[in-house]
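Undergrad: Sequence:
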Amino acid sequence: MIGRLQGILLSKQPPQLLVDVQGVGYEVEAPMSTFYQLPATGEKIVLHAHMVVREDAQLLFGFYTETERHMFRSLIRINGVGPKLALTILSGVTAEEFTRCIMESDAKALTSLPGVGKKTAERLIVELRDKIDTDAVSPSPSMPAGVTATPTSPVSDAVSALVSLGYKAQEASRMVRNVDSKDMQTEDIIKAALQGMVAS
Numbered sequence: 014m015i016g017r018l019q020g021i022l023l024s025k026q027p028p029q030l031l032v033d034v035q036g037v038g039y040e041v042e043a044p045m046s047t048f049y050q051l052p053a054t055g056e057k058i059v060l061h062a063h064m065v066v067r068e069d070a071q072l073l074f075g076f077y078t079e080t081e082r083h084m085f086r087s088l089i090r091i092n093g094v095g096p097k098l099a100l101t102i103l104s105g106v107t108a109e110e111f112t113r114c115i116m117e118s119d120a121k122a123l124t125s126l127p128g129v130g131k132k133t134a135e136r137l138i139v140e141l142r143d144k145i146d147t148d149a150v151s152p153s154p155s156m157p158a159g160v161t162a163t164p165t166s167p168v169s170d171a172v173s174a175l176v177s178l179g180y181k182a183q184e185a186s187r188m189v190r191n192v193d194s195k196d197m198q199t200e201d202i203i204k205a206a207l208q209g210m211v212a213s
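Going by the numbering used here, 111 is the number at position 98 of the sequence shown; the sequence numbering is gapless.
To be clear, the hints were calculated from the coordinates, so they are not data collected in a lab. Built from N, CA and C at the ideal position, the CB exists for glycine as well. A hint or two may mislead.
Stated by the list, open to error - Pairs of lysine-lysine, DSS-like flavour, derived with a Cα cap of 30 angstroms:
| id | residue 1 | residue 2 |
| --- | --- | --- |
| 1 | K144 | K57 |
| 2 | K195 | K181 |
| 3 | K195 | K144 |
| 4 | K97 | K57 |
| 5 | K181 | K132 |
| 6 | K131 | K144 |
| 7 | K97 | K132 |
| 8 | K131 | K181 |
| 9 | K144 | K97 |
| 10 | K132 | K121 |
| 11 | K121 | K97 |
| 12 | K131 | K121 |
| 13 | K132 | K144 |
| 14 | K144 | K121 |
| 15 | K121 | K57 |
What the hints assert, rightly or not - Cβ-Cβ distance ranges computed for the label pairs, FRET-style:
| id | residue 1 | residue 2 | range |
| --- | --- | --- | --- |
| 16 | E109 | Q29 | 22 to 28 angstroms |
| 17 | S125 | R90 | 21 to 27 angstroms |
| 18 | R86 | Q19 | 19 to 25 angstroms |
| 19 | K131 | E184 | 39 to 45 angstroms |
| 20 | N191 | G36 | 38 to 44 angstroms |
| 21 | Q35 | Q183 | 40 to 46 angstroms |
| 22 | K57 | K132 | 38 to 44 angstroms |
| 23 | V139 | R67 | 23 to 29 angstroms |
| 24 | Q208 | K181 | 16 to 22 angstroms |
Given these sequences and hints, build the entire structure.
TA: Written as structure tokens, this is what we have:
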């Protein structure tokens with residue numbers, strides 16, 4: 014199993030990354046919490062990895078911190094929560110906000126995420142309340158200034174990324190329209206759109 018990747022970041026198109034490790038390109042899916050902390054393409058990167066092996070596919074997920082990977086692994090152990098939904102949850106809320114939702118039984122905030130219904134939110138709260146290590150959750154850093162914009166339209170890239178995370182195309186477009194996206198990069202737009210969704 015692959016537990017760690019160290020190489021050169023070749024491309025980043027949320028939620029997918031391409032990392033060159035000694036000439037081999039690894040396609041990695043990552044939550045937006047990781048994207049907010051990535052260096053520019055062409056830079057060195059280290060990711061904590063989790064590999065999912067299925068009959069029809071081998072999927073690799075990457076995380077900037079051990080905390081993110083730990084939370085991802087905790088989520089996929091819960092009945093009804095697969096890797097895709099776990100990635101969506103980690104993209105929609107920070108580790109601190111997710112921990113708060115669990116500890117305060119805030120099911121309403123959790124159900125604002127795509128794919129998380131009332132029953133799933135309640136299951137998350139019940140099964141994770143005693144398993145989350147609140148001391149291990151450190152504040153997420155803000156968006157780094159060195160993130161480079163993608164060559165395509167940041168707005169269209171943001172919509173595509175939100176659709177990949179589970180939002181319907183119409184809803185993703187509406188979320189992005191609610192953001193003052195002038196002079197913003199893709200990651201900034203996605204972050205603002207997700208924060209607006211959770212806050213609403």
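Undergrad: Now, for every hint given, state plainly whether the structure supports it.
TA: Cross-check of the supplied hints:
1. K144 / K57: Roughly 33 angstroms between the alpha carbons, so the hint for K144 and K57 is violated.
2. K195 / K181: holds (23 angstroms)
3. K195 / K144: violated (41 angstroms)
4. K97 / K57: Given pair K97, K57 holds - Cα atoms ~26 angstroms apart, limit 30 angstroms.
5. K181 / K132: Judged against 30 angstroms, a Cα distance of about 21 angstroms means the pair holds.
6. K131 / K144: holds (20 angstroms)
7. K97 / K132: Since the Cα atoms of K97 and K132 sit roughly 18 angstroms apart, the hinted pair holds (cutoff 30 angstroms).
8. K131 / K181: holds (19 angstroms)
9. K144 / K97: holds (21 angstroms)
10. K132 / K121: holds (11 angstroms)
11. K121 / K97: Holds: K121 and K97 sit about 21 angstroms apart, inside 30 angstroms.
12. K131 / K121: Roughly 8 angstroms separates the two Cα atoms, so the pair holds.
13. K132 / K144: holds (19 angstroms)
14. K144 / K121: Satisfied, since the Cα-Cα distance of roughly 21 angstroms is no more than 30 angstroms.
15. K121 / K57: violated (39 angstroms)
16. E109 / Q29: 22 to 28 angstroms: holds (25 angstroms)
17. S125 / R90: 21 to 27 angstroms: Check passed, 23 angstroms falls within 21 to 27 angstroms.
18. R86 / Q19: 19 to 25 angstroms: This hint holds: roughly 20 angstroms between Cβ atoms.
19. K131 / E184: 39 to 45 angstroms: About 18 angstroms separates the Cβ atoms of K131 and E184, which means 39 to 45 angstroms is violated.
20. N191 / G36: 38 to 44 angstroms: holds (43 angstroms)
21. Q35 / Q183: 40 to 46 angstroms: Hint holds: Cβ distance 43 angstroms, inside 40 to 46 angstroms.
22. K57 / K132: 38 to 44 angstroms: With Cβ atoms ~43 angstroms apart, the hint holds.
23. V139 / R67: 23 to 29 angstroms: Roughly 27 angstroms apart at Cβ, these two residues keep to the hinted range, so it holds.
24. Q208 / K181: 16 to 22 angstroms: At roughly 19 angstroms between Cβ atoms, K181 and Q208 fall inside 16 to 22 angstroms, so the hint holds.
Against the hints set out earlier in the document, violations occur for numbers 1, 3, 15 and 19.
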